[in-house]
Amino acid sequence: MLQLNWFRTYGATYLDALGWTAVTALAASAGALVWGCALFLLRLTGGRWGARGVDAYVQAFRNTPVLLPIYLIYFGFPLIGLPWPAVVCGGLALVLQNGAYISEILRGSYQAIDRVQFDAAKSIGLGPWHTFRKITLPQVLVYSIPSLGNQVVLLLKDTSLLSAISVTELTMQAKLLTEQTGAAYEAFIVVAALYLVLVSGTEVFFRVAHRTVRWR
Amino acid sequence: MRSRHPGYVLAVLSILTVLVVVAEAGAADEKSRLDVVLERGKLIVVTMSTVPPFAFNDEKNQLVGFDVDLVRLLATALFKDPNKVEFVIVTAEGRWPAIESGRADIGVGGTTVYPDRALRVAFTRPFIDSGISVLVSKKSGIKSMQDLNQDRFTIANLNNPQMADRAKRFFPKTKVLTFDTPSAQFLAVRSGRANALQIDTPSADYFAAQSKDEFDVLPGLLGASQNNAIYFKPGDFKWWLWLDTAVAELRSGSWYPQYTEIYQKWFGKNPPPQKFYLQQ
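Protein sequence lines, in the order shown, are assigned to chains A and B. Our numbering numbers the first residue of the first sequence as 1 and each following residue consecutively. Our numbering numbers the first residue of the second sequence as 1001 and each following residue consecutively.
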């Protein structure tokens, strides 16, 4: 049976962990968005070899579980003289993988733009940079918002994997409390509820963002 | 959306009622686990696969170890067949829900008896002495527990509260990292993330013997000698009595020869004498 007073006793111990999960997810999402944009730009402007390089990178990260880069960076970087903290290593792995996904999302949105618009831009005398900034980028971003929202939700849930490299985020906190109190169901129900709150918040944010931007 | 049909609500309510009644009835006359195991014809055992020499995967990826052989002796006693065992592999914190939910009949795997642990699972009498040792990387140059107690050193813990308590007590100045598997603890020391780790003494000896040029075991134990035991769901007298009798017979009674055999196999020496007043 569930012990209701367990929640009263240990509820507050989740606050720090909640903070770690939220901050890691937020920072990694921002990083992944920047890195995804960079990859997308490189694919657009880098010529054939740039596109191939990006393609290889995307394939490599899309086809491996994110736990692998997490382990490789956390346990591998000290060997090459970079003993970065666990949360930085884990965050970097999340940025590298989700950046790959985001660059693909942006590419998909880019391909949805009608080619005629580029001819129209050229005919009114816009150069490549202005075409990109005024015509391409705004549309790509607006088209991408729902998919980006999904990606951020996935990233948020993947932060649970950082529990494997000693980051005391929500999942690790639940593991610690399970070991400490034996109340496995209670510990993980709280975590499930907190993830649900974080994910719902993220979804609402992206829905509002999409609605606000779409009608400009 | 279609309007809700009253029959639908009724159906859900009746299913819920049936579930509650069944659950209550199940709780009321629960059979002893011993009878369940005998009827099923095999023993389901929860264990970790990362605690050599107690329970670990060998080079053929088979689960082996002292605790595994001990469980096979139990299966021999139950079914006259050492192979009538199904192992459920979990991580450290997965042991307790596996027992609580009834997924496994018993658990083994380098599990230490603590009074606070005994509040949530029942233990047999101990089947082997253990203790906690500190394994350090040779590179660190740490030679004693006092050496380790400096803030330039980091120790890798497993995520149980006893590890945290010991770290605070024995080396309060040392930085602490917490992992969810022993393999991550070892990776941490190998990669230089940590300089030392806490682990059961037999495991420490095993790893140090495996890679002599990489690890040292610090002299002394962290605290007292400890007991490892079989754990299971509390409140089942028949099951407890059988398991405890079996362990007692292995350690000091009729099955001492079998116990000696597996002890020799994994530790290369004889177990503690069968009875202190008998000449060995």
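These are computed hints drawn from the structure, not numbers from a lab. Think of the CB as a built atom: it goes at the ideal place given N, C-alpha and C, for glycine as much as any other residue. Treat the hints with care, as some may be off.
[What the hints assert, rightly or not] Have a look at the derived ranges for each label pair, beta carbon to beta carbon:
{"hint": "1", "chain 1": "B", "residue 1": "G1141", "chain 2": "A", "residue 2": "G76", "range": "21 to 29 Å"}
{"hint": "2", "chain 1": "A", "residue 1": "S200", "chain 2": "B", "residue 2": "P1082", "range": "48 to 56 Å"}
{"hint": "3", "chain 1": "A", "residue 1": "A51", "chain 2": "B", "residue 2": "D1147", "range": "31 to 39 Å"}
So, going through the hints one by one against the coordinates:
no.	hint	verdict
1	B/G1141 <-> A/G76: 21 to 29 Å	holds (24 Å)
2	A/S200 <-> B/P1082: 48 to 56 Å	holds (52 Å)
3	A/A51 <-> B/D1147: 31 to 39 Å	violated (55 Å)
Figure legend: structure checked against the earlier numbered hints; the only hint not met is number 3.
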